[in-house]
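Heads up: the protein sequence lines correspond to chains D and Z, in order. If you want our numbering, it's the 1-based position in the first sequence plus 54. If you want our numbering, it's the 1-based position in the second sequence plus 5.
Check before you lean on any hint, since a few could be wrong.
What the hints assert, rightly or not - Below 16 angstroms or equal to it, Euclidean Cα-Cα: the simulated EDC-like pairs (lysine to aspartate or glutamate) are:
| id | chain 1 | residue 1 | chain 2 | residue 2 |
| --- | --- | --- | --- | --- |
| 1 | D | K242 | Z | D154 |
| 2 | D | K269 | Z | D95 |
| 3 | Z | K198 | Z | E168 |
| 4 | D | K269 | Z | E281 |
| 5 | D | K238 | Z | D154 |
| 6 | D | K269 | Z | D346 |
| 7 | Z | K9 | Z | D95 |
| 8 | Z | K80 | D | D247 |
| 9 | D | K269 | Z | E347 |
| 10 | Z | K80 | Z | D56 |
| 11 | D | K238 | Z | D346 |
| 12 | D | K242 | Z | D155 |
| 13 | D | K171 | D | E152 |
What the hints assert, rightly or not - Only part of the chain Z face toward chain D is listed, based on derived beta-carbon distances under 7 angstroms:
| id | residue |
| --- | --- |
| 14 | A156 |
| 15 | P247 |
| 16 | L252 |
| 17 | M366 |
| 18 | P367 |
| 19 | V368 |
Honestly, the hints are just simulated from the structure, not real lab data. C-beta: ideal position from N, C-alpha, C; glycine also.
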Amino acid sequence: MAQCTVDYDGRLQAHLPSAVRLVMVKADGCVAIHADGGAYKPLNWMNAPNRLTMDDEAGVWTVTSPKGEVLTITFEEVLSDVAHEMGIDPGLQKDGVEAHLQQLLADDPTSIQDGLKLVRREYPTDIGPVDLLCRDAEGLAVAVEVKRRGEIDGVEQLTRYLEFLNRDPLLRPVRGVFVAQEIKPQAKVLAADRDIYWVEVDYDELRGIESPNLKLF
Amino acid sequence: MSMKFRCERDTLVEALSAAGRAVTTRGGALPVLAGVRMELVGDRLTVTGSDLDLTITVEVEVAGGEDGVAVLPSKLISDVARSLRPGAVDIAIEDEDARIVSTPSEFSIRVIPVDEFPELSSADGDAVTLDASAFRAAIDQVEKAASSDDARPILTGVLMAAEEDGLRLVSTDSYRLSVRDLAGTTILGEGQKVLVPSRALKELSRVVGDADEITLRLGERDAGFQVGPVKVTTRLIEGEFPNYRGLIPSNHPNALTVDRETLLDAVRRVRLLAQESTPVRLAMSSEGLELVAVTQDVGQAHEAVEASYNGDDLTVAFNPEYLIDGIEVAPGDEIILETVDELKPALLKSSDDPDFLYLLMPVRVS
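All chains should be built: construct the whole structure from the sequences, respecting the hints.
Here it is in structure tokens:
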């Protein structure tokens, strides 16, 4: 926390006049200057990779990007200077519904498609675990990505998993199934275009809660 | 590989559009299926599109120059043809390129290797003919109730079954059931039934236009429908269709009789306030019918509809889309909605046409 001024010189020139600000330097090298407002968004920032030069005597930090952008922070008074080793981040936890949906589908993969059998939950790939790996009635591998709301980025994610899984000679051919409570029309089109099968599932029905939408059979 | 012909732009556009409707939109295992196959024999040009489940073939008369076969990217050739000025179009395939010339425009499009185009199955049974307009009307009355959920393939089909006095079409997505009888239409053997993908029937309905006749050939695994120059061939769905007969309650104590258009308009209006999957409620009493839709934090709609009602006062809620689908396709000016209670299936039928019925499950409301 410091009283400081900030000057940016790159695609344009910008100046932050003297005020108390939070200056964050993350382990990956990115630098962000925050005011006491504006939610998550910094007033100014430089994404990694950067080169940070700290001239403590002059009270000036210079952040230089490979593109030649320069962020100059001139400290007038340092109010608090702390450093913490934060360790490896465990990543964003899926919300309760999504995790529960995955659990329910793992318990009964036939609710996704007849004949599916679970091989493993959170099956590892080089780019992260795919939610469910199953085998279909013919014994072929099926990668299942579960979302609460099915959008295009979920289809993209499953496409990447499939690319990695299909490199494994013991698994391939692996086909993909995209499962969500509700799938956006664009995501359905993209999935179909990539030969990814999509299924909308009823969370209440999976939990054994009777749906208000009564069925004939 | 070579082929040459000349034809009118509109002839080409129509043929490519019709065949292109069966072309797969997916890259998939067979990229050649993103193309249309064009075969010229004399002055007959045959254009075929297929995704292996559905195949649409169109035959048109052209001025043939040199017989041959080629596969062209469906969307691109369609877009090109549509963009041309009206008039004659010359198409010449030479080696790997198709030249499309319609003065002052000229296009050169890379063709897809013809030998990659798969051998397509065809229905080889005996030909029987159907009254095109009656069959099309029947398709339109049942195809909406078929499911679009590929996870339940059997429900994506329309059952065509031989009945004592004709042909019956049945479809259901488990929330509603449509039944249409075509008395006097005998295209199946006694007791025979087949399950035809609703998508194929929808395409058939589209191409029927004002044709008089449809010729049907039923093979063991395929059905082929010929309408004039267009042939729609589809794989049949294998499996047992649900036993729908037992789903239709035999005794409905309550009956609402109402003008079809009046009810349709009213439900369409009230539906505007049935958002976020909320149902439309039908409150039926000796006073008539009141439609109500309430969406929390949005608002509500009420409408009184003139109707005659025999039975106990009853309020039943329905999915508005499903209700509208049924009212839209019911024949005649007046419909009857028969109900048992607020949880049992309701039966929607026409006052003057006993050959159609639409069974609809209510939505449970608190």
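Structure-based check of each hint:
A hinted pair counts as satisfied when its Cα atoms are at most 16 angstroms apart, and D/K242 with Z/D154 qualifies at roughly 12 angstroms. Annotation: proposed proximity of D/K269 to Z/D95 is violated, straight-line Cα distance about 56 angstroms (limit 16 angstroms). In summary, the hint linking Z/K198 to Z/E168 is supported, as the alpha carbons are separated by about 9 angstroms, within the 16 angstroms threshold. Of the supplied pair hints, the one linking D/K269 and Z/E281 is violated, its CA atoms being roughly 19 angstroms apart against a limit of 16 angstroms.
Distance restraint check for D/K238 and Z/D154: the Cα-Cα separation of roughly 15 angstroms lies within the 16 angstroms cut-off, and the hinted pair is therefore satisfied. For the proposed pair D/K269 and Z/D346, the alpha carbon gap of about 15 angstroms is at most 16 angstroms, so the pair holds. Among the hinted pairs, Z/K9 with Z/D95 is consistent with the structure: their alpha-carbon atoms are about 8 angstroms apart, no more than 16 angstroms. The hinted pair formed by Z/K80 and D/D247 meets the criterion: a straight-line CA distance of about 14 angstroms does not exceed 16 angstroms.
Restraint check for D/K269 and Z/E347: satisfied, since their Cα atoms lie roughly 13 angstroms apart, inside the 16 angstroms limit. Under the criterion of a C-alpha separation no larger than 16 angstroms, the hint pairing Z/K80 with Z/D56 is consistent with the structure, at around 14 angstroms. Proposed proximity of D/K238 and Z/D346 is contradicted: the alpha carbons are some 35 angstroms apart, above 16 angstroms. Distance hint between D/K242 and Z/D155 is fulfilled; the C-alpha atoms sit about 12 angstroms from each other, no more than 16 angstroms.
Between D/K171 and D/E152, the direct Cα distance comes to roughly 20 angstroms. Violation of the 16 angstroms bound is thereby established for this hinted pair. Interface hint at Z/A156: satisfied, since its Cβ lies 5 angstroms from the closest Cβ of chain D, which is below the 7 angstroms cut-off. With 7 angstroms as the threshold, the beta carbon of Z/P247 comes within range of chain D, its nearest partner Cβ sitting at about 6 angstroms, so the hint holds. Given hint, Z/L252 at the interface with chain D, holds; its Cβ is 5 angstroms from that chain's nearest Cβ, closer than 7 angstroms.
Given the 7 angstroms rule on beta carbons, the hint for Z/M366 holds: about 4 angstroms separates it from the nearest Cβ of chain D. Hint on Z/P367 holds. Least Cβ distance to chain D is approximately 6 angstroms, under the 7 angstroms limit. Annotation: Z/V368 was flagged as interfacial toward chain D, and the flag holds, the nearest CB pair being 5 angstroms apart, inside 7 angstroms.
The structure shown violates the earlier hints numbered 2, 4, 11 and 13.
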